[in-house]
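The hints should help you fit chain B onto chain A, whose structure is shown.
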Amino acid sequence: MEKSTGLNKKEKKKLARILIALALFAAVFIADKIVYLGGVFEGPAAWVFPFCLYLAVYLIIGYDVLWRAIRNIAHGQVLDENFLMCLATLGAFSLAIYRGVTMPENIEGFDEACAVLLFYQIGEFFQDYATGKSRKSISALMDIRPDYANLKRNGGVERVAPEEVKAGDIILVNPGERVPLDGIVVKGASSLDTKALTGESLPREIGTGGEIVSGSVNLTSQLEVEVTKEFYDSTVSKILELVESAAEQKSKAENFITKFAKYYTPIVVGVAVLLAVVPGIITSDWSTWIYRALSFLVVSCPCALVISIPLSFFAGIGAASRYGILVKGSNYLEKLNKANIFVFDKTGTLTRGSFAVAKVSPAAGADEEEVLRLAAIAEQDSIHPIAKSIAARYGKPAAGGYTLTNIAGKGISASDSRDTILCGNAKLMAENNIPYAAERDTGTVVYVAKNGVFIGSILIADEVKPEAKEVVGALNGMGCRTVMLTGDNEAIAAKIAKEVGVMEYKASLLPQNKVEEVETMLREKDAKDALCFVGDGINDAPVLMRSDIGIAMGGVGSDAAIEAADIVLMQDDLRGLPLAKRIAKKTMAIVFENIVFSIAVKVAILILSAVGLTNMWVAVFGDVGVAVIAILNAMRVNSKYAAKAKRAAAKA
Amino acid sequence: MKKVYKLENLDCANCAAKMERAINKLDGVNAASVSFLSQRLSVEADESRFEEIMDAVAKVCRKVEPDCKILR
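Here the protein sequences line up with chains A and B, keeping their order.
Letter 5 of the first sequence, counting from 1, is numbered 5 in this note's numbering, and no numbers are missing.
Letter 13 of the second sequence, counting from 1, is numbered 13 in this note's numbering, and no numbers are missing.
Just chain A, same shape as in the assembly (with noise of 0.2 Å):
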């Protein structure tokens, strides 16, 4: 089974070919340590018999490489991988065969060069091997895709492909199966795991006329969907079109990287070369200085770092889309670890963005429920968002049979045979004069009267979101600097932002001057500070987009916010701010680990070998056994942090 050991076919193959080498090798090199093979023949040409048997093994493990070495310098690419092994490994053999014919009573060197060419093909394994398995387990993060819809047609259902919906048909999605395409649920209720596409956890309940989001899990029950877009324009569709070229958006430090390498296998190779003419003509001992440039070689490829640091960012993208975190490049995750000036919109970003009852102030005599209750029957008819909220409130519906006016600019009067009810602002209670407590606190307040008499007061306040207050303390304490700019007065703002805890604000902003705002604070800025913005991305696209980071918030189904921001956040929760800084964090300094250790190694064996003191077997390790550590190391990127942030959370 292909399953149980992860191989595919072509992998299988090189690995039984790695294998027989191997046993062929140990078995040619046990032989050679006991009886010397170089002396079962005698005379000047002793060294033929161990050469044949050692470049048996090595045609066995290498033929491939020597192919595309010969194919690849038909095609101009002389600093080629595969060719400067080749050159490495022959020279190694021609060296020992000069030392063969010069000194025929000691025969050696043949084992090493067979075996520096059998390791460079065992690490290229593990090299692959890994890569894949990273790459398989970070996809499989996002495996959300659809494979099929139940596409009802001429009065039966069709299993066919997504891409062959069109919008307006109807599909069937069972219990147990993805949602292929985004759409309007026309029959049944169910409940819904979007955790692939969200991260979380809990299942969504939807009804009849709920909208359905492409890539979650139907649950529990048939639905009936009513398909409003077509794959190509469907959530999952653009989350995997997103996360796919993310890779294409390249890091600082991915560019340095392939810069690195462009010259530093020529620069390796021009070392190797002086290396053995120039000491060689000074002190003629040219087998060991040609000895010495051909470890420099073996070491000369930069695979490690080129395959690790993407593979990191790679990682780190995956990583957080498991937590319903998109970000569009490996830039975006660089330039989030630097960010440290935050800005926030206010309304819909730190606060709900829809207004509910804050509090109810009875008058003397009065209680809360009777406020409510005069308060709904008045602004029953209402389709304000005030007076939403103060039917959401009250909870119950409101009594009928009054006649309900309109006073423009006040409030609403409500009349019934016996009462007359008074609901409105100040201005209103003044003009029939009502004594009323005037209301302190900031917000829209509603003042309700009942036959000229003050009954209460009820406070309407945007509701600040409740892990607003943790996130900017996170923050903040991480030393960033936080701002919320906001169009409400600075009455409000000024509230708001000690409610939540955000260093400075900006109010009574228009949209276009929020752009100013934070143009000014670009201007201002230091070089290495970065500028995040966070905002729900409804109104806010020009913003986004001119910062350094544009995050958008509850990206399900909104593709304005997809399109314009760097960063989603699928869920409208703030706490995935600090958790993918997180990330950034992580995924960096592991790019910086693989980094520096990858060429310290590299460079540490090119002075070693340089002056004599390792051979070609610590020099292949440095080729090979660094990528395999720099790749397992670029892998821990995706560890858990969900488990970790409620740890951190659990301890402070």
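Take the hints with a grain of salt, since some may be wrong.
Stated by the list, open to error - Output of the computed footprint for chain B on chain A, the stretches with three or more beta carbons under 8 Å from beta carbons of chain B: (1) 104-110; (2) 473-480.
Said to hold, decoys possible - A few chain A residues facing chain B, derived, Cβ under 8 Å: (3) E11; (4) K14; (5) H75; (6) D128; (7) G132; (8) A261; (9) P310; (10) L311; (11) F314; (12) N425.
Just so you know, the hints here were simulated from the structure itself, not pulled from any lab data.
These numbers come from a predicted model, not from an experiment.
By construction, the Cβ of each residue, glycine as well, lies at the ideal position given by its N, Cα and C atoms.
Below, chain B without anything else, positioned relative to chain A:
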């Protein structure tokens, strides 16, 4: 116009970087990116000559890594 292609048998990260550099040097290519991890090639090039440019792209890819195929 920008198009994205899947790559098959792209086995070496350094080759991907070399391919990317070579493709970016081609006449008519505005921007190209080769990702070893997602095994994808994205090319942004002149729309009127796109097919012709892609032939040239395929040719330089073959030169760098003969095993690698662009699925188009």
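Tell me if F314(A) is really an interface residue toward chain B, meaning its C-beta lies closer than 8 Å to one of theirs. With a closest approach of 5 Å, the F314(A) hint holds.
Cut-off 8 Å, beta-carbon criterion: hint that A261(A) touches chain B: Interface hint status for A261(A): holds (6 Å vs cutoff 8 Å).
For the hint on G132(A), does the least C-beta distance to chain B fall short of 8 Å? At 10 Å from the nearest chain B Cβ, G132(A) fails the 8 Å test, so the hint is violated.
Hinted contact P310(A) with chain B - closest CB pair below 8 Å: Holds: closest Cβ of chain B sits about 6 Å from P310(A), inside 8 Å.
Measuring from the C-beta of E11(A) to each C-beta in chain B, is the shortest one below 8 Å? 11 Å, violated
With a Cβ-Cβ cutoff of 8 Å, does the region 104-110 of chain A contain at least three residues near chain B? Coverage by chain B is violated for the region 104-110 of chain A (0 residues, Cβ < 8 Å).
Hold the hint about N425(A) up to the distance rule: shortest CB distance to chain B must be less than 8 Å. 55 Å, violated
Supplied contact hint for K14(A), tested at 8 Å Cβ to chain B: Result: violated, 11 Å to nearest chain B Cβ.
Does L311(A) meet its interface restraint, that is, does its C-beta lie within less than 8 Å of any C-beta in chain B? 6 Å, holds
Report holds or violated for the interface hint on D128(A), using the least CB-CB distance to chain B and a cut-off of 8 Å. Nearest chain B Cβ about 7 Å off; hint holds.
Hint validation: H75(A) versus chain B, beta carbon distance must be below 8 Å. Holds or violated? Interface hint status for H75(A): holds (5 Å vs cutoff 8 Å).
Apply the coverage criterion to the region 473-480 of chain A and chain B: a residue qualifies when its Cβ sits closer than 8 Å to a Cβ of the chain, and three qualifying residues are needed. With 0 residues closer than 8 Å to chain B, the region 473-480 of chain A misses the three-residue bar; violated.
Taken one by one, the earlier hints fail for this structure at numbers 1, 2, 3, 4, 7, 12, listed in ascending order.
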